[in-house]
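Residue 1 is where the sequence shown starts when you use my numbering, and the numbers rise one by one after that.
Hint data in this document are derived by calculation from the structure and do not stem from the laboratory. Worth double-checking, as some hints may not be accurate.
As the list claims (entries may be wrong) - In silico SDA-like cross-links for lysine to any residue, where the CA-CA straight-line distance does not exceed 25 angstroms: (1) K156 to K166; (2) K176 to S280; (3) K278 to S223; (4) K300 to T273; (5) K156 to E245; (6) K233 to S216; (7) K133 to T152; (8) K176 to H78; (9) K235 to E245; (10) K156 to P70; (11) K127 to P65; (12) K212 to F76; (13) K233 to G184; (14) K278 to K317; (15) K300 to Y257; (16) K253 to P65; (17) K156 to F211; (18) K307 to V252; (19) K91 to V147; (20) K127 to A99; (21) K253 to Y305; (22) K91 to K150; (23) K176 to Y257; (24) K212 to V67; (25) K287 to K156; (26) K150 to T181; (27) K133 to P65; (28) K176 to R63; (29) K133 to N98; (30) K317 to D265; (31) K278 to F304; (32) K235 to T273.
Said to hold, decoys possible - Label-pair distances were calculated between CB atoms; the ranges are: (33) T181 to F309: 38 to 46 angstroms; (34) D85 to I182: 44 to 52 angstroms; (35) P153 to L210: 35 to 43 angstroms; (36) K150 to H267: 49 to 57 angstroms.
Just so you know, even glycine gets a beta-carbon here, dropped at the ideal spot from N, CA and C.
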Amino acid sequence: KFRYSAMVISRKTPRFNIHTGFYCLVAILPQISICSMSYHFTEDPGAFPVAANGEPFPWQELRLPNVVIPLHYDLFVHPNLTSLDFVASEKIEVLVSNATQFIILHSKDLEITYATLQSEEDSRYMKPGRELKVLSYPPHQQIALLVPEKLTPHLKYYVAIDFQAKLADGFEGFYKSTYRTIGGETRILAVTDFEPTQARMAFPCFDEPLFKANFSIKIRRESRHIALSNMPKVKTIELEGGLLEDHFETTVKMSTYLVAYIVCDFHSVSGTTSSGVKVSIYASPDKWNQTHYALQASLKLLDFYEKYFDINYPLPKLGMFKFHIIVIFFIFAHRTYFAFFPPSLSM
1 KFRYSAMVIS RKTPRFNIHT GFYCLVAILP QISICSMSYH FTEDPGAFPV AANGEPFPWQ
61 ELRLPNVVIP LHYDLFVHPN LTSLDFVASE KIEVLVSNAT QFIILHSKDL EITYATLQSE
121 EDSRYMKPGR ELKVLSYPPH QQIALLVPEK LTPHLKYYVA IDFQAKLADG FEGFYKSTYR
181 TIGGETRILA VTDFEPTQAR MAFPCFDEPL FKANFSIKIR RESRHIALSN MPKVKTIELE
241 GGLLEDHFET TVKMSTYLVA YIVCDFHSVS GTTSSGVKVS IYASPDKWNQ THYALQASLK
301 LLDFYEKYFD INYPLPKLGM FKFHIIVIFF IFAHRTYFAF FPPSLSM
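Construct the entire structure; sequences and hints are all you get.
Here you go:
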């Protein structure tokens, strides 16, 4: 019996090893092929999804490749609250970790009008960027920027993109919201809500929490509106046609879903905590007289939490927005929260 058992085990062992090796190959081979795709095209067009224009799209994964890493976004936005659309541009400083012939970003419902690429050396000598071909793959909400030559590892590049879109309906991305005055007039404001993955509806970006970067934001507006963002305003430039352009301080390093900005006609009241943090409460003009209690409560709460946790508030300001019942906008400890009325409560 013992010999028979030993013989059975010895016969089964090779079979188990063969199967195990087969399963390992099945698990590893797709990863090898995916990794090879991460950096350059293969000659087989069938290995890629089909872009919106019918050409092969050079990336098949839902998650972005990590061969190009964003460092800084310089974002310009000009919303039109009459036509309910916006035009925008951005310049993204990126670091290349491996040679690649394309850059993959997220983009949803944005019309890309122009895209260029500059090397760090070209930028230093003020040379114009090279125009890039743009492919889109809507099922994954991605675009591919095809570069004429492989990007060199460990070098920085600058990707410039011009784009435009409609202000979104609903409560995601860069969207249109409304409120009604005491006199019955409906007024419009443009607001962002990017959590968890809606920043791609406002600007092409690496819209995954892993890809953290700094953001410098500029917003163009009419004089009857104000513009606000994560950081304090540095300056306002007067432009032709009565337009104004607000420039904001560069943010801390953060994920795209934390970026926030708003264009509206709200009024504010401000105060300062004992640690020197400026706190502002914003509300529609008809509700401005209801903001003072909220301000006093906010100042006391922020002081309390700083002492309770023994952690200073890490940003130079804190802003809140109020419509009719609830506070809308709250920034604390690098997190940005937007909460708006559902459609049934919007007035």
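- Task: Taking the numbered hints from earlier one at a time, note which ones the structure violates and give those numbers from smallest to largest.
- Result: 1, 5, 11, 13, 15, 25, 26, 28, 34, 35
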